[in-house]
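S.K.: Knowing the structure of chain A, use the given hints to seat chain B on it.
Here's the letter readout for the chains.
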Amino acid sequence: MAQESVLPRVAAQLVTTKRSAFRRHEAILGWLLVTPALVIVLGMVGYPFLEAVRISFTDKMIGMGAGRWVGLSNYEYIIGWPAFGSMVMRTVAFTIAAVFIKTIVGLILATAMNQEIPFRNVLRGLFMLPWILPTYIIVLVWRWIFDGQTGVMNQILMGWGLIDTNVPWLARPGMAIALLIFVMVWKGYPFYALTFLAGMQTIPKDLYDAAAIDGAGRLASFRYVTLPGLRQIMGVVILLSTIWTMNSLEIPMLLTNGGPSNATEVFPLLTYHLALQNFRLGEGAAVPILMLPIIAALVITVAHYMDREATQ
Amino acid sequence: MTALFDRIPNSAFRVISIVIVTAVFLIILFPLYFMLTTAFKTEYEIYTAFSWFPRNPTLDNFVQVITQFNIPLYIKNTLIVALTTTSIVVIVSVMAGYSLTRLRFPGRAILARGVLFVYLVPGALMLIPMYLIIVKLGLQNTYLGLILANMSFAVPFCTWLMMGYLRSISAEIEEASLIDGCTRLMSLWHIVIPLSIPGIATAAIFIFNGVWNEFIFALILSQDASRRMISVGLSNFYRVDIYMVGPMMAGSLFAMLPVVILYILAQRYVVSGLAAGAVKG
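Top line first, the protein sequences correspond to chains A and B.
Just remember that the numbering used here sits 217 ahead of the position in the first sequence, which is counted from 1.
Just remember that the numbering used here sits 6 ahead of the position in the second sequence, which is counted from 1.
Since the hints were made in silico from the structure, they are not lab data.
Since this is a predicted model, take the numbers as computed values, not measurements.
A virtual CB, placed ideally from N, CA and C, is assigned to each residue, including glycine.
Some hints here could point you the wrong way.
For lysine to any residue, the following SDA-like pairs were computed, each having C-alpha atoms within a straight-line distance of at most 20 Å [unchecked claim]: (1) K142/B to F274/A; (2) K422/A to E333/A; (3) K142/B to V270/A; (4) K142/B to R285/A; (5) K142/B to L267/A; (6) K142/B to D276/A; (7) K142/B to R271/A; (8) K142/B to I279/A; (9) K82/B to T148/B; (10) K422/A to L447/A; (11) K142/B to G263/A; (12) K142/B to V256/A; (13) K422/A to D12/B; (14) K142/B to Y264/A; (15) K422/A to R20/B; (16) K422/A to T328/A; (17) K142/B to E268/A; (18) K142/B to G280/A; (19) K422/A to F19/B; (20) K82/B to I94/B; (21) K142/B to L259/A; (22) K142/B to F496/A; (23) K142/B to Q494/A; (24) K142/B to T275/A; (25) K142/B to W286/A; (26) K142/B to R497/A; (27) K142/B to A283/A; (28) K142/B to G284/A; (29) K422/A to S438/A; (30) K82/B to V266/B; (31) K422/A to N331/A; (32) K142/B to L493/A; (33) K422/A to T443/A; (34) K142/B to G282/A.
Some chain B residues near chain A, calculated using beta-carbon distances under 8 Å [unchecked claim]: (35) Y53; (36) S158; (37) V161.
Bound-form chain A, shown alone (with noise of 0.2 Å):
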């Protein structure tokens, strides 16, 4: 009697210890293969942000030794600079305008590349290159075509008896400001087209049918099969591009570098320049800081979106 009401009890016991020692073995194992991506990312991008951090409260300048502990006073600089205040707006409006634009034109070319045409794969390998290319070849590119003087623009134009003098492009205001926003959707609207289509493609052919026998016209079933059927997928692309738009620096480097007259000033050049062609580190450090609640919200918001559509 006794015997028999042991013998299951061992054997639980025995089925636990072995499960308990799988579990561990299986956790030592999970750390270990975790821990060289881990050391990496903690290495190379959290310790060099808490540095940037703390570097941002003194008045470390490159090549002048560790910087003094300034309180609050760069913040204080740079929040009380009028220029300051103006460029997060600019900031803020070119990425809305960019982001923008390339929604329409991704959708537009979305819809014409999902109607039968002919070559269409080929079509979609080409409208995939600017994307592929490398972004500072295609900036140089264009800031040669629009050059002042001797550039490609300047000089069909004056062929076609158009203009009769050079027109300086990127030295006017408003113009660099167009062309600033016209190259990042040059090289931007792939991403928002291939996605776009790809989830056109995924809405079921029934509900077009549907919507046709109940009288829906072409702009009615766009508005009403297709726009809900993107709803998901263009939230995390208008997002994800979104925080890239906002934090492109090579396009607006090249492109403008700032100018004319701090047109064309976004924020990540603004900390080009006061860090790195200023030397002023402390400074420099603290307007990323300054902007990341902004940057944050957006994260936090597509992780969350991504987050779930990975997991579904």
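M.R.: The following block gives chain B in isolation, referenced to the frame of chain A:
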């Protein structure tokens, strides 16, 4: 307006689509066409006598780029950094991706979520931090400095990509191998990695491209000519007032070659990676 739009017959709508596609197509080709043709033009044709097509095609720009401007050295530097970064990051990220999707252990959920957050951290935030850490480590103008800097965005990105890919592979085959007596590491090596080759290829292509095309870290971390990256070397053709357009275009063609070849050979992987939100831009 709505009625008007709806009354367009399907055939006309298709024509409108073709017109739009053609227009976008021309705007895409415009700068690429001038890059290609300008590389073969003489200085006179570039700056003075404009032509749509090179009248006296010349290879001078290519010769100059190779013999006078160190472009072969910059390409070698960039290849060393890009290939090393890609190999290390692929290994590290496959391990991390496997651990975070297939193994159960305390802390896993937080780490998995952290990967996404770090991947989303924009480069502009990392500009000063990266400069500070590389200077502190004394790694300015070294391959190691550039490799470490590039790993900062490549590791989270590649881990995120691998996690997505591994989730799409059924766990059943692996479970069967475990029941048959495989250890976790054996099944990772013999089962999971062979099944993940397309995902690994996508990740490797994107990392290579990302490092090959990288400009900002290269600019702030490695100005010295002996360790200069191709991106910085080419952008130096545009000084404030002196443009060397011919050599710049010829050099750009060299710099674009590996990217375009990879794209043509592996378009399927590239497109699937893009759809996953791969490259920041």
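S.K.: With reference to the structure, classify each hint as holding or not holding.
M.R.: Results for each hint:
no. : hint             : result
1   : K142/B to F274/A : holds (18 Å)
2   : K422/A to E333/A : holds (15 Å)
3   : K142/B to V270/A : holds (15 Å)
4   : K142/B to R285/A : holds (17 Å)
5   : K142/B to L267/A : holds (14 Å)
6   : K142/B to D276/A : holds (17 Å)
7   : K142/B to R271/A : holds (14 Å)
8   : K142/B to I279/A : holds (12 Å)
9   : K82/B to T148/B  : holds (14 Å)
10  : K422/A to L447/A : holds (14 Å)
11  : K142/B to G263/A : holds (15 Å)
12  : K142/B to V256/A : holds (17 Å)
13  : K422/A to D12/B  : holds (19 Å)
14  : K142/B to Y264/A : holds (12 Å)
15  : K422/A to R20/B  : holds (18 Å)
16  : K422/A to T328/A : holds (14 Å)
17  : K142/B to E268/A : holds (11 Å)
18  : K142/B to G280/A : holds (12 Å)
19  : K422/A to F19/B  : holds (18 Å)
20  : K82/B to I94/B   : holds (18 Å)
21  : K142/B to L259/A : holds (16 Å)
22  : K142/B to F496/A : holds (16 Å)
23  : K142/B to Q494/A : holds (19 Å)
24  : K142/B to T275/A : holds (16 Å)
25  : K142/B to W286/A : holds (18 Å)
26  : K142/B to R497/A : holds (17 Å)
27  : K142/B to A283/A : holds (11 Å)
28  : K142/B to G284/A : holds (14 Å)
29  : K422/A to S438/A : holds (11 Å)
30  : K82/B to V266/B  : holds (18 Å)
31  : K422/A to N331/A : holds (12 Å)
32  : K142/B to L493/A : holds (15 Å)
33  : K422/A to T443/A : holds (11 Å)
34  : K142/B to G282/A : holds (12 Å)
35  : Y53              : holds (5 Å)
36  : S158             : holds (4 Å)
37  : V161             : holds (5 Å)
Comparing the model with each numbered hint stated earlier shows that all of them hold.
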